[in-house]
Structure formats: C-alpha cells, structure tokens
Amino acid sequence: MLSLAFMTMRYVFDYDKNGDGTMKQCPYCHKQLNKQQVCQQCRLQVHFAVDPPSKNKRSKTPKTEKDKSSEKGTKSIRKWIPFIIIGFITFLLLILFLLLRNFNSPEAQAKILVNAVDNNDTAKVSNLISTKQNKVGRQEAERYIAYIKDEMGIKSFEKEVLQHVEQFDEDSPVSYTVKTDKNQDVLHISKNGRRYLIFDNLSFQAPMKKAVLKSDTEATYEFSANGNNKKVMGKGKEVVEIGRYIPGDYVLDATKTTSRGTYKGKLKFNTGSSDHDTVNAAEDFEEARVKVHLKNGDALDEGTRKVVINGETLNVSKDGTYGPFPLNKAMKVTAQGEIQGKKFKASSQTIAEKDVKDTNEVTVEFDGQAIEKYKKEQEKDMKEKVNDFIKKYISARNKASQNNRIADLKPYVLEDTYFYKSMTANLSKQKPLQNPKVTYINKSKGFYSVIVEAETKQGDAVRSHYLLQDGEHDQNFKIVNYEAY
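First residue of the sequence shown: 5, per my numbering; consecutive thereafter.
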C-alpha cells in the first residue's frame with residue numbers, strides 16, 4: 005500500500021536554475037530523470053516545469069525603426085514634463101486667487117454686507133458691524149436693516165457702498181461715510197489691515213446716537229435693549245441718558261415707576277429724527293386721567309381749594325383734569341378747602357381698579373349748608389371786628405386832628421403809603437366825625453374793601469371807602485387807602 009501511494013504521488017521538478025542543463029533526481033529513489041514523467045526505477049510519476057531561459061541564452065532582437073521613433077517621442081515628452089507641472093501649479097494658483105478674491109476683495113466684502121441687508125440676514129449683519137466696543141445684537145440689526153430700506157432703499161444703499169469702496173486706494177481717505185438723502189449717517193467704512201497680504205480688509209461700523217429722556221417727575225425707568233435689562237433714574241425736568249443706539253426706529257418695552265405707582269408702556273425714538281448726536285425719546289405708557297367736578301366749593305376762599313387723589317394733594321386745574329395715574333391701580337378722589345382758616349372736606353369717590361380707564365370722571369361734593377352757615381358766622385364776626393376797628397380809628401383821627409399829632413394814627417394807618425403822607429400833611433384840616441357804621445365788607449387776597457357811613461357834628465352824612473390790610477397773627481387791620489364818596 006505504501007509503495008502504491010508513492011507510485012501515485014505527483015512531483016513537480018524544475019530545471020536546474022544554475023543554467024547547466026542537468027536534470028534533477030527522483031525524490032524517492034534519487035535516480036536521475038531525463039524529462040520522463042515516470043521514474044524508470046521506482047515508477048514514481050513526476051511532472052516537470054520548465055525554467056525560464058537563462059540570461060546568457062536569451063536572444064537579442066535588433067531594434068526596429070518603430071522602436072527608435074517611440075524612444076525619441078518618449079524623450080521629447082520628458083522634456084515638457086517640468087513645463088506641464090509649472091503650468092498646472094500656475095493654474096491652481098489662479099483658481100485659488102479667484103476664489104480668494106470672490107470672498108476677500110474689498111468689493112466682495114461690501115457685497116457680502118449688501119446681500120446680508122437685502123436678505124434680512126440679521127445674524128450676518130450683526131457680525132459684520134459689531135466692534136469690540138459695541139456688540140450689535142440681532143434685534144438691533146433687524147432695526148438697522150429696516151431703517152436702511154426705509155430711508156435709502158437697498159439699491160441706493162448698494163450703489164453708495166460700492167462707490168465708496170471703489171474709491172479706496174493708496175491716496176484715498178482712511179474711511180468713508182454712507183449717508184441718506186436727509187444727510188443722516190448710516191454706515192462708516194474704513195480700512196483695517198490686509199487679508200492674505202493681498203486685499204484691503206474693510207471695517208463696517210454703524211454710527212451711534214445718544215438717546216435721552218426728559219421726565220416730568222421723578223421716576224425710575226426699566227426696559228430691555230439688545231437683550232440687556234437697563235434701569236435709569238430720572239429727576240423731574242432733568243434730562244437722563246437711556247443708552248447709545250445705531251440707526252433705527254426703536255420701540256422699547258418699558259415700565260415707569262413714580263410715587264403714584266407703576267406704568268406699563270414703551271419708549272419710542274427714531275435716530276433719523278435728529279440732526280445731532282442726541283435723539284429725544286418719547287414716553288408712551290398706559291395712563292389714566294380723571295376729570296373732577298367740585299360741587300358747592302365756590303364759597304371757599306380762593307386758593308385754598310385742593311383736589312386729593314390717592315392721598316396726593318393737587319392744585320385745582322383750569323379744566324378740572326388730573327393725571328396721569330396708573331391704569332392698574334384704583335383711584336380715590338376727594339377735595340378740600342378753607343374759609344377763614346377753617347377746613348372743609350368734600351365727599352370721596354372711589355374708582356375700582358377694574359373700572360379705571362384712560363379717561364375717567366367723578367363728582368365730589370362739599371357740604372354747602374355747613375359752608376354757608378360758617379361763612380355767615382364769619383362775616384358777622386368779621387363785620388364786628390372791622391366795625392370796632394373803624395370806630396377806634398375815627399376816635400383816634402379826631403384826637404390826632406385836634407392835637408395835630410400823627411402818632412395817634414400810627415396803630416391804624418400803614419406807613420409809607422400815599423394816604424399816610426396825605427394825613428400827615430393835612431391832619432389839622434380833618435373834620436371830626438361821629439357815629440361810624442360799616443355797611444359793606446368784601447375780602448380779596450388779604451385785603452378788605454370797606455364802606456363806612458358817618459356824620460359830622462352838624463349832622464351831615466359822610467360816606468367813605470377804606471381799603472384795609474388784613475392783620476397777621478391777631479394784629480390790627482391797617483388802612484392802606486381812603487376815598488371819600
């Protein structure tokens with residue numbers, strides 16, 4: 005069995021690779037083989053693989069004209085390879101330059117900004133016009149875009165920007181400013197170094213204006229601008245700055261807090277409304293006003309009537325309207341006044357918070373009967389005081405005239421007046437009077453107009469008009485002027 009297996013095995017033999025042409029031996033019995041597939045001794049079947057011919061036995065074929073022409077063409081192509089490589093690199097550099105120019109030349113930079121404005125790309129515009137000192141948010145960029153389109157129009161804006169950019173050269177100014185037809189600054193364009201050592205790098209910056217507010221009263225304003233919460237304090241009639249802003253039409257949500265409460269509303273301003281670096285902001289808050297009718301208050305002394313709203317005392321206005329007050333707060337309205345120092349208070353009316361509107365109207369009423377009663381009492385009392393004063397004055401006048409002594413009249417007559425000087429000069433000529441009686445009294449702003457009837461010693465009636473100054477701190481009246489009827 006073993007011999008049969010060996011008999012059937014196949015072996016592969018190669019020529020001697022040394023090139024001597026000798027045959028190899030049978031791997032089993034080592035008998036030399038003569039290109040026979042079966043060993044003659046052990047009958048082992050073998051297979052031969054012919055070695056490639058040796059180098060020294062290869063035949064050299066002479067070159068043809070075709071081969072020579074091919075070699076010549078190859079050498080010619082090799083000469084052009086460096087030029088081809090250089091041309092290819094130059095082409096690549098040209099492509100790279102064109103790509104860089106499309107995105108980095110001054111014209112390209114300008115077009116990027118114009119396209120961002122045209123397409124309302126707030127993120128891009130915000131990025132392009134922001135500086136280290138002033139970061140422009142998307143809300144501001146949105147207002148800026150709208151302002152440009154409203155004030156200039158995109159075509160005019162593009163034309164102005166590109167014209168200025170084309171003017172940049174070695175001798176040109178460092179910067180240009182784009183303006184509207186109304187001479188409002190919209191955009192500053194300036195050189196800012198180089199890009200890739202080839203192109204001018206442009207800087208785009210939006211000009212800024214200071215927004216100010218003038219409050220009628222002391223107030224605190226809170227509002228949001230560009231995502232930042234701001235709080236400013238304003239004193240009555242004083243100007244307060246609320247920030248610096250790029251061109252745009254601004255409507256800022258805000259609250260205003262005063263001693264009367266908190267108002268909700270907006271602060272509004274348009275940078276184009278001012279030819280200067282400052283623009284005035286207007287208030288637009290939700291406010292309530294109330295018209296107050298005073299009933300039975302005419303008898304009160306002039307200047308003493310006051311309207312009281314939520315505890316705040318206010319002078320009576322010409323049209324009877326008061327405000328502003330918060331819309332989100334109830335209003336309690338009353339009034340007060342005086343007669344001869346005595347205070348009177350009117351009834352009160354309350355407007356509930358849910359009923360408060362932009363315009364409101366209430367009527368408050370004084371106690372007319374109480375006022376009239378007190379007024380009559382005061383008139384009677386005042387008449388008695390004036391009558392007593394006149395009697396004392398007539399008595400002193402008669403005595404001064406008799407003695408020709410002006411000192412007797414000083415307690416009754418206001419010195420340094422025309423009447424005092426006249427009495428001093430003509431004191432001895434004054435006729436004695438008797439039975440003086442006050443027939444009329446009228447008070448106005450601290451003065452009393454008094455009409456007095458008296459008699460001479462001969463019984464003739466004498467009617468006179470006196471102007472008395474009201475005495476302060478329980479002092480006597482003083483005669484300011486005198487006129488005989």
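These aren't lab readings, by the way, just hints derived from the structure by calculation.
Don't take every hint at face value.
Said to hold, decoys possible - Listed below are the simulated PhoX-like cross-link pairs for lysine-lysine, each with C-alpha atoms no more than 25 Å apart in a straight line: (1) K387 with K414; (2) K403 with K377; (3) K214 with K183; (4) K159 with K195; (5) K183 with K153; (6) K186 with K136; (7) K270 with K139; (8) K83 with K128; (9) K239 with K195; (10) K234 with K139; (11) K347 with K396; (12) K195 with K218; (13) K396 with K433; (14) K377 with K349; (15) K214 with K270; (16) K379 with K482; (17) K115 with K214; (18) K336 with K268; (19) K433 with K482; (20) K358 with K389; (21) K336 with K380.
Stated by the list, open to error - Ranges of calculated distance between the beta carbons of each label pair, as one might list FRET restraints: (22) S321 with R467: 25 to 31 Å; (23) S321 with D420: 23 to 29 Å; (24) Q373 with D288: 57 to 63 Å.
We treat Cβ as the ideally placed atom computed from N, Cα and C, and that holds for glycine.
Verification of the hints:
In summary, the hint linking K387 to K414 is supported, as the alpha carbons are separated by about 22 Å, within the 25 Å threshold. For a cut-off of 25 Å, the pair hint linking K403 to K377 is broken: about 39 Å separates their Cα positions. With a CA separation close to 18 Å, the supplied pair K214 and K183 stays within the 25 Å bound. Distance check on the hinted pair: K159 and K195 sit about 23 Å apart at the alpha-carbon level, within 25 Å; holds.
Between K183 and K153 the alpha-carbon distance is near 13 Å, which keeps this suggested pair within the 25 Å criterion. Annotation: proposed proximity of K186 to K136 is violated, straight-line Cα distance about 29 Å (limit 25 Å). With a C-alpha separation of about 23 Å, the suggested pairing of K270 with K139 holds against the 25 Å cut-off. The straight-line distance between the Cα atoms of K83 and K128 is roughly 52 Å, outside the 25 Å bound, and the hint therefore fails.
Taken as a hint, the K239 and K195 pair is broken in the structure, with Cα atoms around 43 Å apart against an allowance of 25 Å. Straight-line distance between C-alpha atoms of K234 and K139 comes to about 16 Å, which keeps the hinted pair within the 25 Å bound. For the suggested pair K347 and K396, the alpha carbons sit about 32 Å apart, so the restraint of at most 25 Å is broken. In summary, the hint linking K195 to K218 is not supported, as the alpha carbons are separated by about 39 Å, beyond the 25 Å threshold.
Of the pairs offered as hints, the one joining K396 and K433 holds, with about 19 Å between alpha carbons and a cut-off of 25 Å not exceeded. Note on K377 and K349: the hinted pairing holds, with a Cα-Cα distance of about 15 Å set against a maximum of 25 Å. Simply put, K214 and K270 have alpha-carbon atoms about 18 Å apart, close enough for the 25 Å limit, and the pair holds. The hinted pair formed by K379 and K482 meets the criterion: a straight-line CA distance of about 23 Å does not exceed 25 Å.
Between K115 and K214 the CA atoms are separated by roughly 29 Å; this puts the pair beyond 25 Å, and the hint is violated. Pair hint K336 plus K268 holds up; C-alpha atoms about 21 Å apart against a cutoff of 25 Å. With a C-alpha separation of about 22 Å, the suggested pair K433 and K482 falls inside the 25 Å cut-off, and the hint holds. With a CA separation close to 54 Å, the supplied pair K358 and K389 exceeds the 25 Å bound.
For a cut-off of 25 Å, the pair hint linking K336 to K380 is broken: about 32 Å separates their Cα positions. Look at S321 against R467: about 42 Å separates their beta carbons, and that is not inside 25 to 31 Å. Checked against the given bound of 23 to 29 Å, the beta carbons of S321 and D420, roughly 38 Å apart, lie outside it. The beta-carbon spacing between Q373 and D288, approximately 47 Å, falls outside the hinted interval of 57 to 63 Å.
In summary, the structure is inconsistent with hints 2, 6, 8, 9, 11, 12, 17, 20, 21, 22, 23 and 24 from the numbered list given earlier, while agreeing with the others.
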